[in-house]
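Quick note, the sequences are listed as chains A and B, same order.
First residue of the first sequence? That's 1 in this note's numbering, and the numbers climb one at a time after it.
First residue of the second sequence? That's 1 in this note's numbering, and the numbers climb one at a time after it.
By construction, these hints were calculated from the structure, which means they are not laboratory data.
Warning: the hint list may mix true and false statements.
Given that identical chains are not distinguished, each listed pair holds provided it fits within a single copy or across any two copies.
[To be verified] No more than 27 Å apart at the CA atoms, straight line, and that leaves these computed lysine-lysine pairs for BS3-like: (1) Lys39 x Lys6; (2) Lys420 x Lys255; (3) Lys6 x Lys23; (4) Lys92 x Lys54; (5) Lys360 x Lys212; (6) Lys408 x Lys30; (7) Lys183 x Lys92.
2 protein chains.
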Amino acid sequence: MTNCEKLKGFRDFYPDENAARQKVFDKIEKAVQSCAFRKIDSPAVEEVDLYRIKSGEGILDETFNFEDHGGREITLIPELTPTVARMIQNRKDLNKPIKWYSIPRCWRYESPQKGRLREFYQLNCDIIGSDNAKTDAELLYSATEVMRILNLEDSYLIRLNDRRLLESILESYGISKTEEVMKVIDDKEKLTKKEFKEDLTTLGLSHSVAEKADELTDISGKISQKTEEIESKIPEDKKAREAFERLENLETFLKAYNIRDKCRIDLSIVRGLDYYTGLVFEGFDSEGEYRAIFGGGRYNNYLQLFGNQELPAVGFGMGDAVLEEIMREKNKWPDEELSTDVYILNVDENKSREALKLTKELRKQEIRTEVNLSKRSFSNQLGYADNINAKYVVIVGDQTASSRVEVKSMDDGSEEIVEKSDLVSYIK
Amino acid sequence: MTNCEKLKGFRDFYPDENAARQKVFDKIEKAVQSCAFRKIDSPAVEEVDLYRIKSGEGILDETFNFEDHGGREITLIPELTPTVARMIQNRKDLNKPIKWYSIPRCWRYESPQKGRLREFYQLNCDIIGSDNAKTDAELLYSATEVMRILNLEDSYLIRLNDRRLLESILESYGISKTEEVMKVIDDKEKLTKKEFKEDLTTLGLSHSVAEKADELTDISGKISQKTEEIESKIPEDKKAREAFERLENLETFLKAYNIRDKCRIDLSIVRGLDYYTGLVFEGFDSEGEYRAIFGGGRYNNYLQLFGNQELPAVGFGMGDAVLEEIMREKNKWPDEELSTDVYILNVDENKSREALKLTKELRKQEIRTEVNLSKRSFSNQLGYADNINAKYVVIVGDQTASSRVEVKSMDDGSEEIVEKSDLVSYIK
Chain A
1 MTNCEKLKGF RDFYPDENAA RQKVFDKIEK AVQSCAFRKI DSPAVEEVDL
51 YRIKSGEGIL DETFNFEDHG GREITLIPEL TPTVARMIQN RKDLNKPIKW
101 YSIPRCWRYE SPQKGRLREF YQLNCDIIGS DNAKTDAELL YSATEVMRIL
151 NLEDSYLIRL NDRRLLESIL ESYGISKTEE VMKVIDDKEK LTKKEFKEDL
201 TTLGLSHSVA EKADELTDIS GKISQKTEEI ESKIPEDKKA REAFERLENL
251 ETFLKAYNIR DKCRIDLSIV RGLDYYTGLV FEGFDSEGEY RAIFGGGRYN
301 NYLQLFGNQE LPAVGFGMGD AVLEEIMREK NKWPDEELST DVYILNVDEN
351 KSREALKLTK ELRKQEIRTE VNLSKRSFSN QLGYADNINA KYVVIVGDQT
401 ASSRVEVKSM DDGSEEIVEK SDLVSYIK
Chain B
1 MTNCEKLKGF RDFYPDENAA RQKVFDKIEK AVQSCAFRKI DSPAVEEVDL
51 YRIKSGEGIL DETFNFEDHG GREITLIPEL TPTVARMIQN RKDLNKPIKW
101 YSIPRCWRYE SPQKGRLREF YQLNCDIIGS DNAKTDAELL YSATEVMRIL
151 NLEDSYLIRL NDRRLLESIL ESYGISKTEE VMKVIDDKEK LTKKEFKEDL
201 TTLGLSHSVA EKADELTDIS GKISQKTEEI ESKIPEDKKA REAFERLENL
251 ETFLKAYNIR DKCRIDLSIV RGLDYYTGLV FEGFDSEGEY RAIFGGGRYN
301 NYLQLFGNQE LPAVGFGMGD AVLEEIMREK NKWPDEELST DVYILNVDEN
351 KSREALKLTK ELRKQEIRTE VNLSKRSFSN QLGYADNINA KYVVIVGDQT
401 ASSRVEVKSM DDGSEEIVEK SDLVSYIK
């Protein structure tokens, strides 16, 4: 006998647990499929180089990476986007725009904690080859469709921003180190006002500029209510003007999709520094108690790192850990239970073959049918049937000789004698 | 730009390819669910110790194993059975018999070749906690149900054996090294008669005993037609008698399931030496051109290696690589194509918002709807709609002002003017 524990941060899903999770995943797939995203599937393992491109050597500490027997440096995928980029660059013939989704497992070597696991599932939706406000709105809409189908419509808000807009305003303040400043802005939520401004002055910003950056990144609210304030702050240059008009355009399309009220502009949203070139957004529970439920943005300069095709892209990811926490808290997580249509009970072993024949008939009609496999008593069999939530118990006993069976409804306990030839239609 | 290749022996599935594969997997799940197997899900990574139990250090050469940052020896799972054993031993409260299935990815560090990949999917079905011929038949039947639902009913046969039966007959020949002899029998198919007998005499068997072992393991055919011959060879001991009666019993239940004609007894079937204690079986294409499509057997002494519960078990595995090859060869692999219900075409950008509103209405009804996201011509949009196999194109143009749209059927090219309020029912 050996150590029989699973690894820390990994999960076992027993049938009742898996049935509930499967229902959630099926709904998610239904939502994104209705939005005409196409499912792809891809390796769980890739070469480390694929991640070095953007993440450098830091990726080695955060992933499950190793040398295989052939000396290749490989890793369990920590995210899907590099794989998507690789797959798209390997096919020049794909019609644009490309709309792909998948729900791969991803692995990160982090300390497991609330909402953060070492192995998790992550929905990825990307639209590649189209760069306009309508496409941004389509992607945001898809995320809201997922939330709607999960009955979380009233439980979240999207906070969005445009990095070009933020960057151009920061530049107009005379800030040159916009990357470093954006890193501080990314942390703003975790900092006090004082800490935030101190971090900025440490970067060389004057107190008054730090003050202005603080005021700027305090802007948040309904887009239509903030456009005037934002417009008053943008400098007179093309980049700022384009970003601002894009935001106005986005607002129009969000209105057409009727999801405008789910969205807030928030100039402190930056989402790290890895990919994003324009729109960035995060979906949060309305109370703001959890990590982001989903997040994403536009990454127009990313695909070309993986091949010759220059393709703009926008996408989002949604992990299953935070989603599950919120759904459980809101009582939206499905019941964890087994379902069975029919249990075939045989009163004695002589009836076994008869029972198997009936079992086969029902299963052929896609009726989920369990049959007694052991030598056990009538009441033991009934208990098992109850345990697997059988809707009906078909009793193969003395009636069987006369081509009939007794059917017991486990819902109301009623019993009826049914001709075997009528059994399928009786059950269905 | 970097190296953008996937790893050798791993696979990318583009949307059209994935759609076909998904159809196959969905069918498989439907079959095993109708047989009341319950889906589980489990980690892709386990501690190496879990495999050492049965496979020893040899497992290290054949798997993707490594030390994680915490110094744990871990591996991508090469098979599911140890995980199933671990999960069952961690729960004493599960009702028996337990019927579980899953289709995990597995990874093996082998040279990729026809029907053998480094990353593959494998259907696993197990019945745990029941040891009788009826349970064996139920498991075999489940495998045949999978083959039936995939339209492979006429394309395969099951060859089965009972290891106790074979072992007891070999022992009656005075053979003591039955394990080594069974290893040679396992290879029989790849050997000439001469090589086979030489390998046996090398193990110390006399020429006449090697001859008898050869004759014995040549026995194959319909079970009912071979029972007499087998009975004439079994020794007068309890083990042999029990195994023989179990075989006769199994035959009766296979008949009840009406799958007797899919099964052949074949005394050369051994299936390695790792787990199996009784029934062993393999599903082969009728022409015998491929590796086994599926294989399994009874492993009654295995679960207890992982915990305190002593539980008999029987199971089978079916990888997707050989299955795909055979389905393709038989023209049973689904068409690789995208499917789309509706493409919403806007004649000019002014109609974009109108188009998005319609899109949203259709998607809410789970109609898979694509909408034009780019500025492009009427004919370009129509070409894209054709490319994604849209059934209908809804043209949002001048008619739209009057609350109507034009609907073009892409099947027959017919066009009709439809009230927007009737659109959902028209499409459905």
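- How would you classify lysine 183 and lysine 92 at a CA-CA limit of 27 Å: within, between, both, or neither? neither (36 Å within a copy, 50 Å between copies)
- Is it within, between, both or neither when you check lysine 39 against lysine 6 at 27 Å Cα-Cα? Result: close only across copies, 18 Å inter versus 30 Å intra.
- Task: Using 27 Å as the alpha carbon limit, work out where lysine 408 and lysine 30 are close: within a copy, between copies, both or neither.
- Result: between (35 Å within a copy, 25 Å between copies)
- Alpha-carbon proximity between lysine 92 and lysine 54, which holds within one copy, between copies, both or neither at 27 Å: Answer is within: at 23 Å inside a copy they meet the 27 Å cutoff, but 47 Å across does not.
- Query: Under a CA distance limit of 27 Å, which applies to lysine 360 and lysine 212: within one copy, between copies, both, or neither?
  - Reply: neither (74 Å within a copy, 40 Å between copies)
- Message: One pair to classify: lysine 6 and lysine 23, alpha carbons no more than 27 Å apart. Within, between, both, or neither?
- Response: Answer is within; shortest intra-copy Cα gap is 24 Å, inter-copy 32 Å.
- Item | lysine 420 and lysine 255: within-copy, between-copy, both or neither at 27 Å Cα | between (58 Å within a copy, 19 Å between copies)
Consistency with the previously given hints fails for numbers 5, 7, ordered from lowest to highest.
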